Amino acid sequence: MSRAPARLDLLTVAPRPAGDEDEEQFKPLEWGLIRRLIGFTRPQRRKFWIMVALSAVRAIQLPAIVWAMGAIIAGPAARHDLHALAWWLAGYAALAISTDFLFHFRQRYALELGEYAVNALRAAIFTHLQRMPMSFFHRVKLGRIISRVTSDVEAVRVGIQDVFFVSVIQAGQMVFAAVAMLFCDWSLFLVVLAMAPVIWTVNRRFRSELSRLSRASQESFSRVTATLAESVGGIRVTQGFVRQATNAGLFRSLLSDHARYNVALARTSAILLPILELNSQFFIAVLLLLGGWRTFHNEMEVSSLIQFFFLANLFFSPIAVIGNQYNQALIAMAGAERIFRMLDTKPDWEDAPDASDLPGPPPAPAPAGGMCIEFRQVTFGYDPARPVLLDIDFSARPGQMVALVGHTGSGKSSIINLAAKFYLPTLGEVRIDGREIRTLTSRSLHRQMGIVAQQNFLFSGTVLDNIRLGRPEAPEDEIRETVNRLDGLDMLAELPLGWQTEVGEGGRNLSTGQRQLVCFARALLADPRLLILDEATASIDALTEARLQRALVTLLRGRTSLVVAHRLSTIRHADLVLVLDRGRIIERGTHAALLSQQGHYAALYRQFVNVDEHRAPDRPAGPFPL
Amino acid sequence: MGPASSSTVRPPAPAEIPTNWSLMRRLFGLVWEYRGRCWQVLGLQLVLLTMGLAGLNLTGQAIDFIRHRVSGAPLPAGGFRIPFPADWPPERTLAVIASLILALALGRAVLNYVYSILINRLTQQEIVPQLRARVYDRLQRLSFRFFDANSTGSIINRVTGDVQAVRMFLDQVLIQSFIMVISLTVYIAYMASLHAGLTVACLATTPVLWIAAVRFSRLIQPAYARNRDLADIMVRNLAESVQGIAVTKGFGREAEDRAKFLRSNDAVLEQQQSIFWRVSVFSPAVGFLTRINMIVLLGYGGWLVAHDRLPLGAGLVVFAGLLEQFSGQVNNVANVVNGVQQSLIGARRVFEILDTPVEIQSRPGALRPDRFGGAVRFEGVSFAYKVHEPVLHEIDLDVAPGRCVAIVGATGAGKSALMSLIPRFYDPTAGRVLVDGVDVRELDLDNLRRNIGLVFQESFLFSHTVSANIAFGHPQATAEQIRRAATVAAAHEFIVQLPQGYDTVLGESGVTLSGGQRQRLALARAILLEPAILLLDDPTAAIDSHTEQEIFDALDRTIAGRTTFIVAHRLSTLRRADFIVVMEEGRIVQRGTHAELMQRPGPYLHAASLQLADNRELQQLAERGAVE
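Residue numbers (our numbering), protein chains in the order written: chain U, 1 to 626; chain E, 1 to 628.
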């Protein structure tokens with residue numbers, strides 16, 4: 001309960017929406033799931049079986065030690081038999097040494113088995129994720145994927161490390177203690193047995209209440225952190241709008257809400273623990289009365305009575321422990337279920353089994369020249385029932401540049417998603433170098449393709465690492481030459497450590513211009529035959545903008561390109577401009593040709609350029625961006 | 001007007017690293033505020049301890065009594081024992097002892113319950129929320145410098161984890177060590193009263209245990225910290241490869257990406273191995289040391305019993321029970337030591353926030369004009385975020401009420417810095433900023449800010465409803481006021497089309513808006529305050545130029561009648577201004593209207609011509625437009 005919250009330095013995971021059926025906390029035990037989990041420890045099979053054996057041994061050792069202690073006190077010590085006492089002690093010491101020695105292995109192997117399984121699960125999840133097509137990533141939230149490899153995997157780890165082996169040991173201990181008590185005095189044992197279900201029930205009831213409350217407390221805490229994160233992120237707005245007092249009030253009420261759950265949690269466990277303790281005290285009282293009476297009437301040995309004091313505890317304590325483990329097991333099951341559900345999600349599609357590689361460009365020095373790309377009557381919808389592209393028909397010869405212009409939602413991004421084989425068309429064909437895209441392996445296609453995405457995504461690591469992503473084997477000289485071709489060496493030299501500068505989370509250590517340059521360099525280094533460019537919309541100061549435009553010309557030269565264009569200067573270089581509106585191509589041609597057509601394109605171009613001179617407040621918004 | 005001397009900015013005091021002792025003193029001071037409750041809690045612990053010992057003692061007495069009655073073993077004298085009348089039937093004596101044990105157990109159960117409630121009320125319901133609220137309050141008033149210097153994650157951790165660590169000082173350090181010291185003393189005293197020699201023999205290994213536990217936790221803590229870092233890296237790699245999946249797939253680099261993830265995944269595993277080894281050596285070793293105590297007890301104690309120097313029940317059995325409790329408390333030492341370390345680390349980070357001076361606040365007796373005219377003047381203003389790195393040099397600028405000034409310049413030219421001085425997000429290092437002829441430092445801060453409307457590059461909207469976001473600066477606004485503001489900002493049309501209209505919840509778990517829509521909401525939020533001055537920091541930056549059109553009309557209506565400062569790059573925006581200020585490296589290098597600046601050679605003309613495709617083509621277009 002007082003556990004420190006997960007570290008938030010690297011990630012702030014949004015709180016889960018309430019009432020999410022996918023996020024159930026408990027799942028009943030299921031043999032299939034358990035087997036599958038154990039399967040993940042298979043490479044460590046030897047350790048697994050050693051562990052099972054060790055648990056069995058420990059289940060005997062633990063009660064044996066306690067029994068031996070009781071036996072020594074009740075036996076040789078009480079009988080004043082020093083000789084026997086020495087022998088008993090030697091036995092006790094041997095037992096103690098062997099117990100603690102084996103405990104080392106029992107503990108280490110359990111920890112290792114859990115860690116290996118967790119490691120294998122994470123690797124499996126990651127590998128599976130990479131097989132998923134883009135549609136999966138558009139559908140599933142990042143937070144959910146992350147909780148699979150963090151909290152769910154952790155629940156499973158506890159399941160493997162603790163639940164199984166601890167339960168075996170504790171159950172064994174109970175059985176042993178029961179047998180020993182039965183051996184000492186069967187009638188007293190019946191009393192013990194009668195109390196067991198009571199303890200079990202009390203424990204179970206309170207435990208489930210406890211986990212319900214602890215979940216509620218976690219949820220209220222995630223509201224606290226989410227609000228806090230917003231307060232920090234929006235501090236400028238808060239101070240600018242003088243909202244400090246109102247926010248502080250809201251925050252206080254969230255805090256006291258959280259405190260309420262915490263106190264409820266504490267109250268429940270404050271009832272449970274004394275009740276469990278009370279039980280053993282209660283038993284001692286019963287033992288004294290009943291056992292005392294029986295010894296007075298010579299129906300029971302005094303030594304048996306003393307033994308009972310020790311053995312009873314041995315019998316009772318596992319009940320609470322197993323109860324906890326059972327709870328943990330249910331949580332682990334829920335985690336395992338979610339993990340396996342993710343692992344079992346079939347990709348919407350995969351490369352056809354008979355797909356073959358796209359032949360590479362002729363070997364240097366012959367110029368690569370670019371790809372031939374053709375859309376034939378392509379219709380496509382993320383949801384097939386609602387097409388976002390209709391009858392798209394165009395082709396680009398090697399080395400040509402196609403610019404896509406149109407509204408948000410007009411279908412520009414969908415076209416590049418299809419050309420990159422991130423999605424497959426619903427109807428029609430996309431052909432690369434004359435071959436239908438479905439007959440090509442994604443890998444061979446992507447290796448000859450480069451992407452500059454709109455957000456200029458960078459991975460954490462140095463600038464150099466990020467450029468190198470385009471071709472990991474490239475030597476540093478070549479990377480330098482690549483940046484030089486884009487005329488960007490001085491832009492990167494401004495960074496504190498030059499190329500070796502860490503780009504930071506989301507590239508925040510770099511300016512917008514530098515980020516874009518790195519993305520360009522990454523693409524140029526890959527030297528792709530097809531370049532897909534989703535032009536950034538963010539405005540940069542005019543000088544940097546002009547430099548990046550020149551770099552773009554260098555990047556596009558000598559390859560086929562498909563560009564979602566927002567800038568006039570980019571569009572003017574295109575060999576073919578496609579004007580899109582609601583999933584259809586409504587105009588096509590070069591910039592000059594389109595202007596002279598006096599159609600949509602020309603009208604909007606003019607509107608943009610003249611917007612100030614003939615400003616009319618109610619003029620409708622244009623259908624394409626410039 | 002304020003004297004010139006008041007215009008020197010107080011540089012943020014260099015953080016002095018407080019010593020552990022001074023931190024401890026402050027922590028004690030903090031706990032002292034809750035001393036009444038603390039005494040209650042400690043008193044209860046004392047009672048609980050006594051009752052526990054009494055129960056144990058009674059059990060021992062009962063055993064001796066039974067042995068006495070059955071086998072005629074002598075009833076040991078001395079110790080804490082109840083003189084039961086010898087003429088009682090043995091059943092009655094036993095029954096009394098048994099009910100006493102039961103009564104004690106019941107009492108303990110109740111008191112334990114009360115104790116848990118008390119301590120949790122104290123920590124979870126008082127100390128933690130109060131401290132968190134204090135830190136949060138302070139946080140909200142700190143200058144942006146603080147937020148520039150600290151990552152969001154670290155700030156959040158201070159309010160959450162670090163405050164818990166401070167609380168730990170009370171319940172896991174102070175109270176625990178109190179309990180430990182008292183109970184260890186009592187146990188030792190009790191044991192010694194039973195048999196001094198046996199006590200010494202049994203506790204011989206304790207110091208070893210003690211030292212081992214403390215050393216071990218010192219040794220293992222860094223390993224755990226390292227492990228958390230490795231796990232964070234692993235999760236970050238996963239998150240990034242999901243976020244950057246289009247890049248990875250687009251370049252066909254899945255194999256490299258997977259290798260990177262698997263490396264970080266294996267790094268966690270490998271590092272864990274050494275932790276596992278240490279843990280699995282340490283805990284059996286500790287277990288064994290404890291058992292040595294037991295062997296000594298059984299051997300030496302058994303010998304004493306055999307020679308009738310120690311009673312079996314009230315002696316040996318009780319001793320065994322005490323020893324068990326004792327080793328439990330000894331193991332607590334490591335927890336207390338960890339608790340001290342963690343609470344000191346946490347305290348340092350929490351106090352750092354509480355100690356950061358609020359740089360900017362209203363002067364006593366600050367002016368609160370009823371109505372702002374909106375005249376803004378900069379007089380020889382210089383400013384630096386960090387000492388010796390000035391970003392503004394002697395700016396002079398005079399803006400009459402209701403005028404619109406556009407500020408142009410490259411990244412880092414000082415545009416945002418210039419604007420942030422007006423609402424006093426920072427104070428200038430030299431010179432002064434005047435609003436309606438009054439130095440802003442003479443004005444009441446809240447009043448000043450309430451009269452300034454702000455729109456940032458990327459507007460931060462909160463996860464509330466649309467209405468709540470618009471009414472952010474004026475939560476009491478009526479629905480009618482909100483609607484009017486939204487209409488002026490051209491936001492009303494799209495708002496009513498949202499699933500729940502004005503009650504639609506925005507943000508992570510709600511509806512996401514386009515850039516243009518967000519900016520129009522931000523405009524509405526600013527308009528609702530009816531500010532005399534409007535600061536627009538590149539409000540169209542994150543919007544593509546098509547959507548930009550959507551908000552121009554809104555902008556025009558918003559600007560009308562208010563003094564407006566607007567940072568902009570695009571000509572379409574710049575042309576709206578009454579005059580334009582061009583900045584370079586913290587200085588104003590050109591000023592004039594768009595038309596004037598386009599006539600003069602200089603940075604403005606240069607930048608503008610880069611942006612306008614080329615003049616010839618424009619010419620051509622203008623002609624066509626005229627023909628049409």
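Hints are supplied without guarantee of correctness; some may be wrong.
Listed below are the simulated EDC-like cross-link pairs for lysine to aspartate or glutamate, each with C-alpha atoms no more than 16 Å apart in a straight line [unchecked claim]:
1) E:Lys260 - U:Asp465
2) U:Lys27 - U:Asp465
3) E:Lys386 - E:Asp355
4) E:Lys260 - U:Glu154
5) E:Lys386 - E:Glu442
Derived CB-CB ranges, DEER-like [as the list claims (entries may be wrong)]:
6) E:Asp266 - U:Glu301: 57 to 67 Å
7) E:Ser71 - U:Ser187: 43 to 53 Å
8) E:Asp308 - U:Ile50: 43 to 53 Å
Think of the hints as simulated: they come from the structure by calculation, not from any bench. Bear in mind the structure is a predicted one, so any value in this text is a computation, not a measurement. Quick reminder that beta carbons are idealized off the backbone N, C-alpha and C, glycines included.
Status of the hints after comparison with the structure:
1. E:Lys260 - U:Asp465: Cα-Cα ~12 Å, so holds.
2. U:Lys27 - U:Asp465: violated (43 Å)
3. E:Lys386 - E:Asp355: violated (19 Å)
4. E:Lys260 - U:Glu154: violated (21 Å)
5. E:Lys386 - E:Glu442: Cα-Cα ~24 Å, so violated.
6. E:Asp266 - U:Glu301: 57 to 67 Å: holds (59 Å)
7. E:Ser71 - U:Ser187: 43 to 53 Å: violated (21 Å)
8. E:Asp308 - U:Ile50: 43 to 53 Å: holds (48 Å)
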